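Asks: Sequence:
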Amino acid sequence: MKLDPFYLIVDSSDWIERLVPLGVRLVQLRIKERPEEELRAEILRAKSICARYGSQLVVNDYWRLAIEEGCDFIHLGQEDLAAADLPAIKAAGLKLGVSTHDEAELQAALAAEPDYVALGPVYPTVLKQMKWAPQGLQRITGWKKRVAPLPLVAIGGLTVERLRGVFDAGADSAAVVTDITRNVDPEARTREWMEETASLRAK
Numbered sequence: 443m444k445l446d447p448f449y450l451i452v453d454s455s456d457w458i459e460r461l462v463p464l465g466v467r468l469v470q471l472r473i474k475e476r477p478e479e480e481l482r483a484e485i486l487r488a489k490s491i492c493a494r495y496g497s498q499l500v501v502n503d504y505w506r507l508a509i510e511e512g513c514d515f516i517h518l519g520q521e522d523l524a525a526a527d528l529p530a531i532k533a534a535g536l537k538l539g540v541s542t543h544d545e546a547e548l549q550a551a552l553a554a555e556p557d558y559v560a561l562g563p564v565y566p567t568v569l570k571q572m573k574w575a576p577q578g579l580q581r582i583t584g585w586k587k588r589v590a591p592l593p594l595v596a597i598g599g600l601t602v603e604r605l606r607g608v609f610d611a612g613a614d615s616a617a618v619v620t621d622i623t624r625n626v627d628p629e630a631r632t633r634e635w636m637e638e639t640a641s642l643r644a645k
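Start counting the sequence shown at 443; every next residue gets the next number (our numbering).
Keep in mind the hints are simulated off the structure, nothing from the lab.
These numbers were taken from a predicted model, which means no experiment stands behind them.
Be a bit skeptical, because a hint or two may be false.
Stated by the list, open to error - Listed next, the in silico DSBU-like pairs over lysine-lysine satisfying Cα-Cα at most 35 Å (straight line):
id, residue 1, residue 2
1, 586, 474
2, 586, 532
3, 444, 586
4, 444, 537
5, 474, 587
6, 444, 489
7, 532, 489
8, 474, 489
9, 474, 532
10, 586, 537
11, 489, 587
12, 532, 587
13, 532, 444
Stated by the list, open to error - Cβ pair distances, simulated, as ranges:
id, residue 1, residue 2, range
14, 474, 627, 38 to 46 Å
15, 533, 626, 26 to 34 Å
16, 520, 444, 22 to 30 Å
17, 512, 443, 29 to 37 Å
18, 584, 482, 35 to 43 Å
Virtual Cβ for every residue (Gly too), placed ideally from N, Cα, C.
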């Protein structure tokens, strides 16, 4: 499969309503520790907005809710991957993305037969505490050789200014959280990301 080179990750359907209409083609809804009915409502609202604007929604972690609500794409971290019912996910026709940070996690991800593999953190990240050191651009190149022909998503500390190095190293898609959501003008920064990723991947 082919992923859009710009991969937006946000923690609410409010962000999706705010940014997807700008032309975002790929967005992950990543919400942590909320009551199930709130999660369900957020997923349904995000799904509706994405359908309206032709954007691919990826649901993080909550694969059961994604199946129940007719979503078509999920992303799992390693802990969630270990606990997930992969046959049920496959039977429901969901596409699957998996996070990796080291060799053992890459092996676990590939064994799950995912539709893409994510590698991070490429650079230091402020999003959450990581036990892994920044991976760097060389690891992207090595990981891409290992996962090909699957798409490789780079994540962690990415900015518009770092995109050229990430794509030159072999990433197919660049995921972003805080460089947009903590920007003083998230809409303008989103447009910068879309323009830069489109320009770099067109070459």
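Asks: Give a verdict on every hint.
Replies: Structure-based check of each hint:
1. 586 to 474: Holds: residue 586 and residue 474 sit about 29 Å apart, inside 35 Å.
2. 586 to 532: holds (24 Å)
3. 444 to 586: holds (14 Å)
4. 444 to 537: Distance ~12 Å between residue 444 and residue 537 Cα, so the pair holds.
5. 474 to 587: holds (32 Å)
6. 444 to 489: holds (20 Å)
7. 532 to 489: holds (20 Å)
8. 474 to 489: Satisfied, since the Cα-Cα distance of roughly 18 Å is no more than 35 Å.
9. 474 to 532: holds (24 Å)
10. 586 to 537: This hinted pair holds, its Cα atoms lying about 19 Å apart.
11. 489 to 587: Distance of about 33 Å is within 35 Å: holds.
12. 532 to 587: Holds - the C-alpha atoms of residue 587 and residue 532 are around 25 Å apart, at most 35 Å.
13. 532 to 444: holds (19 Å)
14. 474 to 627: 38 to 46 Å: violated (26 Å)
15. 533 to 626: 26 to 34 Å: 45 Å Cβ-Cβ, so the 26 to 34 Å window is violated.
16. 520 to 444: 22 to 30 Å: holds (25 Å)
17. 512 to 443: 29 to 37 Å: violated (19 Å)
18. 584 to 482: 35 to 43 Å: Check passed, 39 Å falls within 35 to 43 Å.
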